[in-house]
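Protein sequences appear in the order of chains A and B. To convert, note that position 29 of the first sequence is 29 in our numbering; the numbers rise steadily by one, no gaps. To convert, note that position 567 of the second sequence is 567 in our numbering; the numbers rise steadily by one, no gaps.
No wet-lab data here; the hints were simulated from the structure. The model shown is predicted, which means the values in this text are computed figures rather than measured ones. Careful: at least some of the hints might be erroneous.
Simulated crosslink set (DSSO-like; lysine-lysine; CA at most 30 Å straight-line) [as the list claims (entries may be wrong)]:
| hint | chain 1 | residue 1 | chain 2 | residue 2 |
| --- | --- | --- | --- | --- |
| 1 | B | Lys132 | A | Lys38 |
| 2 | A | Lys8 | B | Lys341 |
| 3 | A | Lys23 | B | Lys347 |
Derived, one-sided and incomplete: chain A residues facing chain B with beta-carbon distance under 10 Å [as the list claims (entries may be wrong)]:
| hint | residue |
| --- | --- |
| 4 | Pro17 |
| 5 | Gly19 |
| 6 | Val20 |
| 7 | Leu21 |
| 8 | Ala22 |
| 9 | Ala26 |
| 10 | Lys44 |
| 11 | Met47 |
| 12 | Leu79 |
All C-beta atoms, glycine included, are put in the ideal place defined by N, C-alpha and C.
Here is how the chains run, residue by residue.
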Amino acid sequence: MEKQFVIKSENGLHARPAGVLAKRAADFKSSIEIQTSKGSANAKSIMSVMALGIVSGATIKIVTEGEDEREALEALEELLTSNVSE
Amino acid sequence: MFPGRSAAPGIAIGKAFRVQHTSNTARQTENISASSVHEEQAKLDSAVERARLELREIINSTKKSLGQDESAIFEAHLMILEDPEFVAHARASIENQLLSAQSALQTRTEYFISTFEAMDSEYMRARAADVKDIGQRLQNHLSGQACIDLSNFSEDVVIVADELSPSEVSNLDTKFVRGLITEQGGRTSHVTIIARTLEIPMIVGAKDIVSKVSDGDLIVFDGEVGEAFVRPDAELLTKFVSQKKQVDALHFENKALIGEASITLDGRKVVLAGNIGTPRDLVVLKRHDAEGVGLFRTEFLFMDRASMPSENEQFEAYKEVLQGCMPHMVVIRTMDIGGDKELSYLKIEKEDNPFLGVRGIRLCLQNKPIFKTQLRAILRASHYGKLGIMFPMVSSLEELLEAKALLEEVRIELLKENVPVAKHLQVGVMIEVPAAALISDTLAKHCDFFSIGTNDLIQYCCAVDRMNKTLVPLYSPYHPGVLRLVYQVIQSAKKEQIWVGVCGEIAGNPNLALLLLGMGLDEFSMSPASILPIRKLFRSCSYSHLQSWVKEILELQSASQIEHRLTELLKTAHV
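All chains should be built: construct the whole structure from the sequences, respecting the hints.
In structure tokens, the structure reads:
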């Protein structure tokens, strides 16, 4: 499953927000990937998420695959739309 | 002379001890045969396991010596160690690309370091340093090399390093390390924070210094100026030695007051407490012998993050401070968000006058679930120490009563859940709105103490924005209007027999501290560094003499007259 999001938080997906996201992603069995124009990353790895340097206003796609892919996507959607920021 | 940037104040004199990190980058990629894959993976696994054990140990020891916030750096290192794209990725490439454990790890470490360093953010560059630190730790284990050890010297040294990692300074020899100089490093890096906490002078950004000094060269510098002198001539050395003597003498004089009571010659005893912002400040409180905490700002828990801190996270922080300060009292101020302090996860309507808007207790009463979570955390922590809880920005009796009712509601909830809550805890009002000062006689009937927040009280009383540079002369703690309000609050407290303190900057200002003492103030809460000098001052004065000043001062007509007269009186105050 996949879905696109626009990052709203002022500081993009850096630091703590990346950590919050990675932690949440790690709760699921499915593989979860973040795709951006600059490349893609394992959403469960805070380091890879930070390495993408996602800035405010950027569009990202989240792709989940596995037994709990729906729940995973919903959980991350909730996180991203609830304005994850610093 | 080596110019750098000031990172931690103080005068440093010592012999150079150079630290140059051997870079791993020159090493060529080592390939292995398919038959050694398991052996290399096992090597990596054992290095990771040892690093994990070491980090756990460092976390425990830094928690004790430096506090929770510093140990958090190493918690972050543990997270890096466990990141699925770091070591686990390197482990996979031993097999996929037939790399030796060292090469696989190095490739992965360099990838993240170069990515993070290229990013336009000081925060991410600091993360690059974290990756480097943990990468180095793992490489040391793989190669059997020891970590650079800065924990054991026998004479005064100044560490001169290309860079320093938090791991290296986590167990610094604080007896003999007199200064730190690095070629790299921002002023906000963790290492500089540790240096300031340990009160070791530090300079960063001193280019090429490591290659230009020899071990044993004498080095002097003033951490506040940020210039290092190598092999100083006699004149310069004398200057630094005498500067250091002055600073040390003052320090020594103050140190002699540690453990002494804050008491006047004629026996008036008061409490000199510290203002703090995080549990990390506990070390500083101890060093300056604070008699408790008069203002624990809790905003740090709420700021710079993506979501509300959980009840447990708050509980742990409050508990740490309460336990750490026993047998003294800790006054926790409930969150003072709003005004100039915003939270990304809490929608606050844009206001034209945020300082007159939804802040402090107003915000809490409009967002009760958040407030109740904090009250629960504070009450749970109350079991572990001596607690005072204080509400900011109260301007009416109704607000105080409503906040107290919520506190009671939460207390009953906890008791029903069989959670221990202290039997005796005090509830106070932070007096910072002039209207609250004027109705302090009423408020005093409903609380256990007042703490006068003079920084905001001055701003509201004089209607002067304290951030506005052109209005600086109008923002004066000596304004007769301000001092009359303060006096009125103290008198209201006395009448109802509750204690009263000041937690603004004036508590640490010698002139005004003496006036407040004369007015009968019970508690002075200030930046911890001011505590011992103020104790020294109080111990040399007579309370009855100071009492006689009050009437005269309150009858003066302007801030400048009052300031002038107090300065004069200060000279005669010592008996």
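Results of checking the hints against the structure:
For the given pair, Lys132 (chain B) sits about 24 Å from Lys38 (chain A) by alpha-carbon distance, which is consistent with the 30 Å threshold. Taking the CA atoms of Lys8 (chain A) and Lys341 (chain B), the gap is about 20 Å. The hint holds against a cut of 30 Å. With a CA separation close to 24 Å, the supplied pair Lys23 (chain A) and Lys347 (chain B) stays within the 30 Å bound. At about 5 Å, the closest approach between the beta carbon of Pro17 (chain A) and any beta carbon in chain B falls short of 10 Å, and the interface hint on this residue holds.
For Gly19 (chain A), the interface hint holds, since its Cβ comes within 10 Å of a Cβ in chain B; the closest pair sits about 8 Å apart. Hint status for Val20 (chain A): holds, given a least beta-carbon distance of 5 Å to chain B, under 10 Å. For Leu21 (chain A), the interface hint holds, since its Cβ comes within 10 Å of a Cβ in chain B; the closest pair sits about 9 Å apart. Interface hint at Ala22 (chain A): satisfied, since its Cβ lies 8 Å from the closest Cβ of chain B, which is below the 10 Å cut-off.
A cut of 10 Å between beta carbons decides the hint on Ala26 (chain A): the least distance to chain B is about 8 Å, and the hint holds. Using the Cβ-Cβ criterion of 10 Å, the hint placing Lys44 (chain A) at the interface with chain B is satisfied: the shortest such distance is roughly 6 Å. Hint status for Met47 (chain A) relative to chain B: holds, with the closest Cβ pair at about 5 Å, below 10 Å. Evaluation of the Leu79 (chain A) hint against chain B yields a held restraint, the C-beta minimum of about 9 Å falling below 10 Å.
Hint compliance for this structure: no hint is broken.
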